[in-house]
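Build the full structure now, drawing on both the sequences and the hints.
For the protein sequence lines, the chains are U and W, in the order given.
Under the numbering used here, think of the first position of the first sequence as -6, with each following residue one higher.
Under the numbering used here, think of the first position of the second sequence as 9, with each following residue one higher.
Honestly, the hints are just simulated from the structure, not real lab data.
Please note that a few of the clues may not be correct.
To be clear about the criterion: a stretch of chain U counts as covered by chain W if any three or more of its residues have a C-beta under 8 Å from a C-beta of chain W, and this derived list gives those stretches [what the hints assert, rightly or not]:
1. 94 to 103
2. 213 to 224
3. 293 to 301
Mimicking SDA-like on lysine to any residue, the simulated pairs with C-alpha atoms at most 20 Å apart in a straight line are [as the list claims (entries may be wrong)]:
4. W:Lys30 x U:Glu51
5. U:Lys217 x W:Thr36
6. U:Lys217 x W:Glu27
7. U:Lys217 x W:Asn35
Glycine included, C-beta positions come from ideal geometry on N, C-alpha and C.
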Amino acid sequence: MGCMTLNHPAATDDAPVRTASTSIDDPVEAARHLFRTLDPTTLAGVLLFCSSRYRLDELAAAINDCTVGLTVIGCTSSGEITPDGIAEGTITAIGFPASHFTLNATRFEDLDNFDDDDAQASVRSLVAAAGEASRGLGEPINRAAIFLVDGLSHREEMLTVTVQDALGDIPLIGGSSGDGLVFRETFIFHDGQFRRDAALVAIVSSTRAMKIFRPQHYQPGAIKMVITDADPVDRLVREINAEPAAAEYARLTGVTVDQLGPSVFASRPPMVRAGGEYYVRSIQSANPDGSLTFYCAIDEGVVLTLGEGRDIIAGLESLFDELDAGVGGVDRIIGFDCVLNKVEVEQHQLTRKVSNMYIQHHVTGFNTYGEQFRALHVNQTFSGLAIGK
Amino acid sequence: MATRAPDLNGERIAALENENRKLRRINTALMDRVERSTDLQGNAFSLFETAISLEGKVRERTVDLERAFQQLGQSNAALGIAKETADDAQLRLRDAIESINEGFAIFDADDRLVLCNQTYLGIWPKIADRIVPGVSFAQITEMIREDGTTLGAMVAPDRWVSERMAQRMIAGGGHVHALADGRWIQINELRTTEGGIVGVYTDITEVKAADARARARELAEKSAILQATLDTIPQGVCVYDAERRLVAWNDPLLSVIGLPVTGIAMVTTHAGLVASCTRLNGPMQADDPLGWLEAHAPEAVSLRFHDSGKIVEVRRAPMPGGGMVMSFDDITVSLAAAETLKEANETLERRVEERTSDIAAVNTQLHQEITERLSVEAALRDAKTAAEQANISKTRFLAAASHDLLQPLNAARLFVAALSDRRLALPTRALVRQTGSALDSVEDLLRRCSKFRGWMRGASSSVRSISRSMNCCKICAPNLRRLRENARWNCGSRKPGNGCIPICDCCGASCRISSRTGCVTH
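This is how it looks when you write it as structure tokens:
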């Protein structure tokens, strides 16, 4: 579990980060309902998570109608953490009041031809713009960078390293967009449009305390395996221990190949050790050819350790306590919760309990296809940003 | 069994071989991985690993660099905003100067054009396309000179350029330039704080035209007033211009110089005037009273004697720009009047002289009479002095005599009074009373003698006041009247104004009587 404290809390005052959620089917009605609650005229920016069930073009137009001149960023999701807890098929939004926040965003497109020099230059100008924009908020200013990326782009590692490098001291936190475990199309929303093959970074500035976090509910077990054949570009593992990957993984976890699916992947995630710590490398899918597709970078010769679940509730409780203390009272937690965590929680029939904890601790967010924490792209974590009162 | 053993062995061998193959594969993969781990490659997993293992170290090293980059970015952002602000200001300035009606041009400290509006360019349509920011004022002036856009540049190009540059150096206001196309431009220039010059070019053609109209109207009015004034003057007045042509005259002119009423055609030139005057009024005198005066010659006054006997005073004055003003005054009548006056004066003087001599004779006679009268007066005065002297002596005598008589008389009365207070037989008392009466009569006589002495009146009023306030002893009281009489006499004759001190015989106390204050102490 990695947590990071930014500056210490500023004076408590009463302009809370606003949230709203809607599950109205009609995009126009949904957007109107959402922004009626948020009062866009007094906001510095909006971060929204949208179920991929919506007709995104219509929704984008409706959002634009409601938020002329406002910075709105977001992405498609595989489930949302709404003000009323864990849900699916909603549009959930977070509004940053202009009295205490500024939000400056930029995006990168055509990620396969990503030019890291250009990207760094644009991130640096974004940092500068955020500095200029937040000049009126007071001192000291705390910042965090929210990162959203097309969850099927397979470019997260490259992006996080590049972007975090250019952000300097500003910590990056974010998630990969989802499409409800369909793995067909995932989008980010920026500049009035839902976009594929794109990523965005948005700097939140405020005098409020901010703290990013990245706990995972897993610990390494005893079983280890070696990837013997893989395609790192497509995150495809063909062989593990010189056996077809899906069959070997199924054998080691004690299930049959046809039982392989999110629930198995969620409860027994492979982990890699790096820098003295174990990180989950989640499996996205078992393919008909017997290979496994991962949510994150893998390579031949990588040693995987099968992970085991920990006490989710206890882990969350200690996390929330720590965050509360860290920011001097939580106003809002923006959560990027791995979609496999949701699966794992469901399997343990803890959904209601976890959902209540999220409500109680003011968590709003979405279920990701991967989380970004500083320069890392990780899986099966509950990462996020805690904002103090 | 023998066959099964080799089978078992074969299976085992096969399993082991498979295991061996897998292990070799794993081995190869791991070795490959280990070898590649130090390669510099951009593989996503190695990026992930790098991110983890090197993050701390790299971050430490690059944090300063990043901070520098950030500061740079910050400066750029600030610069961007500043530029935006400057651009906005520039735009606003441009809009502002475009919105004004005047031509407007700003030049920097090197006198190069920074900004100008369309109106400014419109003043120089021929060279407008060459007036761009960066062009110096001298270059623009040169272009104007070449094109002759202003009248000055057309007529005397070099002089216009040097004058314009001189105006520019001063950067003052209000030079007016006539453009070749008939427009008039007023140029106001002002130094900016940075040492440049702001020029405002106002099209004053309309104003100029209005001015000209106003001036013409004023001139016409003045001309009318002048003519009216001229016509009211009894003298004849005419004005010739430098070409000696008649430009103005008044109604009395012709009659004064002896020309018929229709004769104005004869005097339309100065030569015509001289000719017709000579023809109609006789030859000109030697001093040429109607002659032409060149400019700056002194004003001339001369007399022109007509054959008819008419005398005209001619005043001539040259005009500053050439030309001459002449005025003619018929002074025949006034000269005759002056002559008559002179004769009357002479007669008067003669009569005054005659009278003066008469008066002198009478005067001498009077002097003689006065002398005689003075001697008579002196004789009279001597006579009067002698009479007065005699009068004073008589008065002194009378006063002394009266006083000397009164003293014993008073004493006698005092005694008579004392006697009457005594017991007396009736016949005796009658005698005493008669004695008193006799004394009264004497006193009365004396008083009448002294009546002319005016001072007595003032003294008696002082003494009368004593009788009211005087406190006397019982002894003296009955004789108060006597006492009073004595006091009156003493005070009156000897010491007027001072108190006198008679002694009261009965009590021996002194009794002071002040004739002035009326106070008596006892």
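Structure-based check of each hint:
Note: the region 94 to 103 of chain U has 0 residues with beta-carbon separation from chain W under 8 Å; the three-residue rule is not met and the coverage is violated. Under the rule that three or more residues need a Cβ within less than 8 Å of chain W, the assignment of the region 213 to 224 of chain U holds, with 4 such residues. Counting residues of the region 293 to 301 of chain U whose beta carbon lies closer than 8 Å to any beta carbon of chain W gives 4, which meets the minimum of three for the stated coverage. Between the alpha carbons of Lys30 of chain W and Glu51 of chain U the distance comes to roughly 54 Å, so the proposed pair goes past 20 Å and is violated.
Taking the CA atoms of Lys217 of chain U and Thr36 of chain W, the gap is about 17 Å. The hint holds against a cut of 20 Å. For the hint pairing Lys217 of chain U with Glu27 of chain W, the CA-to-CA distance comes to about 16 Å; that is within 20 Å, so the pair holds. A distance of roughly 14 Å separates the Cα atoms of Lys217 of chain U and Asn35 of chain W; the hinted pair therefore holds under the 20 Å criterion.
Checked against the numbered hints listed earlier, the structure breaks hints 1 and 4; every other hint is satisfied.
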